[in-house]
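Protein chains in written order, with the numbering used here: chain B, 1 to 251; chain C, 1 to 251; chain W, 1 to 251; chain H, 1 to 251.
Hints in this document: simulated from the structure, not taken from any laboratory. Certain hints may be false.
Any copy will do: because identical chains look the same in the list, a pair fits if it lies in one copy or spans two.
[Stated by the list, open to error] Here are the computed lysine to aspartate or glutamate pairs in the DMTMM-like style, where the Cα-Cα straight-line distance is at most 25 Å: (1) K247 x E160; (2) K48 x E162; (3) K29 x D93; (4) K122 x D93; (5) K29 x E135; (6) K231 x D78; (7) K220 x E157; (8) K220 x E51; (9) K220 x D78; (10) K48 x D8; (11) K247 x E33; (12) K119 x D177; (13) K119 x E94; (14) K247 x D172; (15) K75 x D172.
4 protein chains.
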Amino acid sequence: MIRVKIGDKILAEINPIKVTIWNEYVDEKENPEVSGIYPQGIHNALAKGLEPYGFHIQTATLEQPEHGLTEKVLKQTDVLIWWGHVAHEKVKDEIVERVYNRVLQGMGLIVLHSGHYSKLFKRLMGTTCNLKWRESSEKQRFWVVSPSHPITQGLGEYFELEPEETYGEYFDIPAPDELVFVSWFEGGEVFRSGCVFYRSLGKIFYFQPGHETYPTYYNKDILHVIANAVKWAASPHGTAPTFGHFKALEP
Amino acid sequence: MIRVKIGDKILAEINPIKVTIWNEYVDEKENPEVSGIYPQGIHNALAKGLEPYGFHIQTATLEQPEHGLTEKVLKQTDVLIWWGHVAHEKVKDEIVERVYNRVLQGMGLIVLHSGHYSKLFKRLMGTTCNLKWRESSEKQRFWVVSPSHPITQGLGEYFELEPEETYGEYFDIPAPDELVFVSWFEGGEVFRSGCVFYRSLGKIFYFQPGHETYPTYYNKDILHVIANAVKWAASPHGTAPTFGHFKALEP
Amino acid sequence: MIRVKIGDKILAEINPIKVTIWNEYVDEKENPEVSGIYPQGIHNALAKGLEPYGFHIQTATLEQPEHGLTEKVLKQTDVLIWWGHVAHEKVKDEIVERVYNRVLQGMGLIVLHSGHYSKLFKRLMGTTCNLKWRESSEKQRFWVVSPSHPITQGLGEYFELEPEETYGEYFDIPAPDELVFVSWFEGGEVFRSGCVFYRSLGKIFYFQPGHETYPTYYNKDILHVIANAVKWAASPHGTAPTFGHFKALEP
Amino acid sequence: MIRVKIGDKILAEINPIKVTIWNEYVDEKENPEVSGIYPQGIHNALAKGLEPYGFHIQTATLEQPEHGLTEKVLKQTDVLIWWGHVAHEKVKDEIVERVYNRVLQGMGLIVLHSGHYSKLFKRLMGTTCNLKWRESSEKQRFWVVSPSHPITQGLGEYFELEPEETYGEYFDIPAPDELVFVSWFEGGEVFRSGCVFYRSLGKIFYFQPGHETYPTYYNKDILHVIANAVKWAASPHGTAPTFGHFKALEP
Numbered sequence: 001m002i003r004v005k006i007g008d009k010i011l012a013e014i015n016p017i018k019v020t021i022w023n024e025y026v027d028e029k030e031n032p033e034v035s036g037i038y039p040q041g042i043h044n045a046l047a048k049g050l051e052p053y054g055f056h057i058q059t060a061t062l063e064q065p066e067h068g069l070t071e072k073v074l075k076q077t078d079v080l081i082w083w084g085h086v087a088h089e090k091v092k093d094e095i096v097e098r099v100y101n102r103v104l105q106g107m108g109l110i111v112l113h114s115g116h117y118s119k120l121f122k123r124l125m126g127t128t129c130n131l132k133w134r135e136s137s138e139k140q141r142f143w144v145v146s147p148s149h150p151i152t153q154g155l156g157e158y159f160e161l162e163p164e165e166t167y168g169e170y171f172d173i174p175a176p177d178e179l180v181f182v183s184w185f186e187g188g189e190v191f192r193s194g195c196v197f198y199r200s201l202g203k204i205f206y207f208q209p210g211h212e213t214y215p216t217y218y219n220k221d222i223l224h225v226i227a228n229a230v231k232w233a234a235s236p237h238g239t240a241p242t243f244g245h246f247k248a249l250e251p
Numbered sequence: 001m002i003r004v005k006i007g008d009k010i011l012a013e014i015n016p017i018k019v020t021i022w023n024e025y026v027d028e029k030e031n032p033e034v035s036g037i038y039p040q041g042i043h044n045a046l047a048k049g050l051e052p053y054g055f056h057i058q059t060a061t062l063e064q065p066e067h068g069l070t071e072k073v074l075k076q077t078d079v080l081i082w083w084g085h086v087a088h089e090k091v092k093d094e095i096v097e098r099v100y101n102r103v104l105q106g107m108g109l110i111v112l113h114s115g116h117y118s119k120l121f122k123r124l125m126g127t128t129c130n131l132k133w134r135e136s137s138e139k140q141r142f143w144v145v146s147p148s149h150p151i152t153q154g155l156g157e158y159f160e161l162e163p164e165e166t167y168g169e170y171f172d173i174p175a176p177d178e179l180v181f182v183s184w185f186e187g188g189e190v191f192r193s194g195c196v197f198y199r200s201l202g203k204i205f206y207f208q209p210g211h212e213t214y215p216t217y218y219n220k221d222i223l224h225v226i227a228n229a230v231k232w233a234a235s236p237h238g239t240a241p242t243f244g245h246f247k248a249l250e251p
Numbered sequence: 001m002i003r004v005k006i007g008d009k010i011l012a013e014i015n016p017i018k019v020t021i022w023n024e025y026v027d028e029k030e031n032p033e034v035s036g037i038y039p040q041g042i043h044n045a046l047a048k049g050l051e052p053y054g055f056h057i058q059t060a061t062l063e064q065p066e067h068g069l070t071e072k073v074l075k076q077t078d079v080l081i082w083w084g085h086v087a088h089e090k091v092k093d094e095i096v097e098r099v100y101n102r103v104l105q106g107m108g109l110i111v112l113h114s115g116h117y118s119k120l121f122k123r124l125m126g127t128t129c130n131l132k133w134r135e136s137s138e139k140q141r142f143w144v145v146s147p148s149h150p151i152t153q154g155l156g157e158y159f160e161l162e163p164e165e166t167y168g169e170y171f172d173i174p175a176p177d178e179l180v181f182v183s184w185f186e187g188g189e190v191f192r193s194g195c196v197f198y199r200s201l202g203k204i205f206y207f208q209p210g211h212e213t214y215p216t217y218y219n220k221d222i223l224h225v226i227a228n229a230v231k232w233a234a235s236p237h238g239t240a241p242t243f244g245h246f247k248a249l250e251p
Numbered sequence: 001m002i003r004v005k006i007g008d009k010i011l012a013e014i015n016p017i018k019v020t021i022w023n024e025y026v027d028e029k030e031n032p033e034v035s036g037i038y039p040q041g042i043h044n045a046l047a048k049g050l051e052p053y054g055f056h057i058q059t060a061t062l063e064q065p066e067h068g069l070t071e072k073v074l075k076q077t078d079v080l081i082w083w084g085h086v087a088h089e090k091v092k093d094e095i096v097e098r099v100y101n102r103v104l105q106g107m108g109l110i111v112l113h114s115g116h117y118s119k120l121f122k123r124l125m126g127t128t129c130n131l132k133w134r135e136s137s138e139k140q141r142f143w144v145v146s147p148s149h150p151i152t153q154g155l156g157e158y159f160e161l162e163p164e165e166t167y168g169e170y171f172d173i174p175a176p177d178e179l180v181f182v183s184w185f186e187g188g189e190v191f192r193s194g195c196v197f198y199r200s201l202g203k204i205f206y207f208q209p210g211h212e213t214y215p216t217y218y219n220k221d222i223l224h225v226i227a228n229a230v231k232w233a234a235s236p237h238g239t240a241p242t243f244g245h246f247k248a249l250e251p
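Using the sequences and the hints given, assemble the complete structure.
Okay, here's the thing in structure tokens:
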């Protein structure tokens, strides 16, 4: 922890944000098309891309004991980034429950791309989280619709990505607490591609780009959005509420 | 179905709204204090209280086969009212899943009082749905904070209920899509006591009053709110979306 | 008013919804391209298109005394539809204030297309209501993102319109209370094209299509959405609140 | 500006947040009851109370040229705090417009107590912003209903204030983008006492306590909330959008 003072006045206390990047890490080992793009796995590409932002970064994968998400790891995580695709069902329910509880207690969560269909995200949303998709390498244009939001800092009015998998509405989620990006796809779809949700003490950001066969996570704008989202998701929250039987307060 | 015409012009098609009232119906059989108030069960008290509103009403209880919530019953239900308290865990997961899916497909749902802690409501919310409570027979005052909402039709700026169990914040739910009532309790608590949620095609209303040891469901204002909520929850919705792989549209 | 009974039980009371369609009615008299499409004015085209829905419809225009929006007319209006374009500044402030107050008191309001830049809409939103635009006769595709909403009843998952003026984000409005449609435009834009706002007792729907040089208001889907919006905006609301100094209630 | 580095890596850039506290400063000069509590004015009491948080603070009052809110002052303001009561009508329209535009361009705004009825707040909300009130020195209890929000950092589940003026619902505002506090008042009212609004690039927080005849702005919890709100309102935003005629993008 770094404390910045002028004389005795504390201007700021700086703890590098502790980020854990979770990746199921399956496609990269089984599919040459994917390993060609992400030879060390999506998690390591993200870790490298986020390095310049000064976070304290660690990674975790499905194959590790407890999927790398032990109580200790989660306790030391300010923001968890989640990427999954073909192995959602292999994530153990007890680990999902552990991560879920940690989010409700205030850990930030960034769910990427096909993570929309993870047990974790569906558990937090309460809906099917289903959507339309098509792999046709179309151009995608992200339009900012909440320019007051910290996640949009340093971006233009819009930014582009090509090629990317097309995701289309209806995306079966609760209405986001804040809708940050709406995307246009060449083939005729739109998608709510940047969605903020508050759940208990936790801040959640769903960000849609990142199909495993495209080099999305090397793109500077995409990395910048994820870094902004990390900072936002790590911002302070309040005290854990108490529940259950409650005596009358002094009126 | 009743069709109202002037000449050939159809002014309205009236189908009495089909309401199913589900009650776990346990306290009323085991606790004399409760059976004294609701000798036929909360479900029958509600059915009688809602009768003047012209709905087509049936009831269902935990003890019935499939808890009375067969595919056929749900298919013929426009709005389901849910009351549960001590037996949440006895509701079978497969029935919860069935009702959950029917809500997402457009059936209205009104969750009453301790139903906040039912498997169904927690599944739909994605949060713990926990809260504070105290049985001290306090006065409760409901303040309307969304006077544009149909659920508030015919009410004053506020209405009162006494005695009622006290529920207090923090109520661990996602921020409601519309907050309709905020309640004041004599002992010092506030509670978001009327909450609207949209999930997929379904409209959901959580309404907090109705502890089993108080005659809440004979109160005219409470019945009026529930009747308003039934009408609102039965209002039209759109077409069921399709999901999954999707060909490019003609640009 | 038509009362539907079975015996003594009143099933429904039907008052045809009273709709007033306001049009500045300038382009149609000055621009042959527009008068070719709407020879009787946009207001009369809309009135004719909405006729099958059984509303009681009247029209009003800028050139009439008090712009046709007298106290009496507004008092007898359940839902006001507003179309304006080149003459926003010619609408008198006192009439804007009168309509504004009537909306806050519960009259429904549907603002169409370039009405986004009317004094009335800007007054209600509190923002600039500015946007991007381009007249290039592109195809527009409306995607439903709130399938639970009554305004989407009877529509598909999406519907199309061609040609239409392109409107693009950022649309400078408060986040809608409900976002119903997001549109895709051929040229690369997206737009929040169906937006619900609640203000005091009033229900407001902004619906983007309707450039004066295209035959948009003859399109069946567009008319269907407007008719749905009329029904929704006319749905019940609560009691007018009181304000100001307030004695303590009986605790 | 202070830059924190480890080697060449920039960990943080720290600019003390520039806060301007605006106070109409009338009651304190005319009413001995008020000057007894705030002898240097509410603005100076707030400035002193916020000093430990490390902001760069200046004040401005109604009586100054341009009400102390020159273009230059506003340009150098990250967050504006606004307190007004008896002199709302004396604030010149052109200054209101200037501040309004600056908020839309990204300056944070914290509106305190009777500032709810300022021209500025009403202009931003688009509603009457009216409410109920009573000066009866009641106890007020603030309940946190958004524990994920940075504004609640360091608070308990609730905090109390006594005495305070009672404000009661219905508070005629658009539904807040985030509802942070709901207050209970001894006399039977509830109030949405901490409300977040996003408008264009600006972040706005309405915070209800602060009647001029009570020593509210010496209270540690109240000052802590305001300091939290300053930090939150100064958090990054995106790029200013462009509006108007817009050429087609490269598809």
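Legend entry - Homo-oligomer pair classification [E162, K48; C-alpha up to 25 Å]: Cα proximity of K48 and E162: one copy only (21 Å, versus 46 Å across).
Inset, instruction - Classify it for me, K29 with E135: is the Cα-Cα distance of at most 25 Å met within a copy, between copies, both or neither? - result: Answer is within; shortest intra-copy Cα gap is 20 Å, inter-copy 50 Å.
Inset, instruction - Go through the copies and call it for K48 and D8: within, between, both or neither, with a Cα cutoff of 25 Å. - result: Close across copies (17 Å), not inside one copy (37 Å); limit 25 Å.
Inset, instruction - Since the copies are identical, ignore which copy is meant and state whether K75 and D172 lie within 25 Å (CA to CA) inside a copy, between copies, both or neither. - result: between (31 Å within a copy, 22 Å between copies)
Legend entry - Homo-oligomer pair classification [E94, K119; C-alpha up to 25 Å]: This pair counts as both: shortest intra-copy Cα distance 11 Å, inter-copy 18 Å.
Inset, instruction - Measure nothing new, just compare the shortest in-copy and cross-copy C-alpha distances for K29 and D93 to 25 Å and report within, between, both or neither. - result: within (24 Å within a copy, 37 Å between copies)
Inset, instruction - With 25 Å as the alpha-carbon cut-off, assign the pair K220 and E51 to within, between, both or neither. - result: Within one copy only: 12 Å inside a chain, 39 Å across chains, cut-off 25 Å.
Inset, instruction - Tell me, please, which holds for K119 and D177 at an alpha-carbon limit of 25 Å: within, between, both or neither? - result: This pair counts as both: shortest intra-copy Cα distance 21 Å, inter-copy 24 Å.
Legend entry - Copy assignment of K247 with E33, given that the CA separation must stay at most 25 Å: between (62 Å within a copy, 23 Å between copies)
Inset, instruction - Have a look at K122 and D93 and pick one of within, between, both or neither, based on CA distance no larger than 25 Å. - result: both (12 Å within a copy, 17 Å between copies)
Inset, instruction - Classify it for me, K247 with E160: is the Cα-Cα distance of at most 25 Å met within a copy, between copies, both or neither? - result: Intra 56 Å, inter 17 Å, cutoff 25 Å: inter-copy only.
Inset, instruction - Could you figure out if K220 and D78 sit no more than 25 Å apart (CA to CA) within one copy, between two copies, both or neither? - result: within (23 Å within a copy, 28 Å between copies)
In this structure, none of the earlier numbered hints is contradicted; all agree with it.
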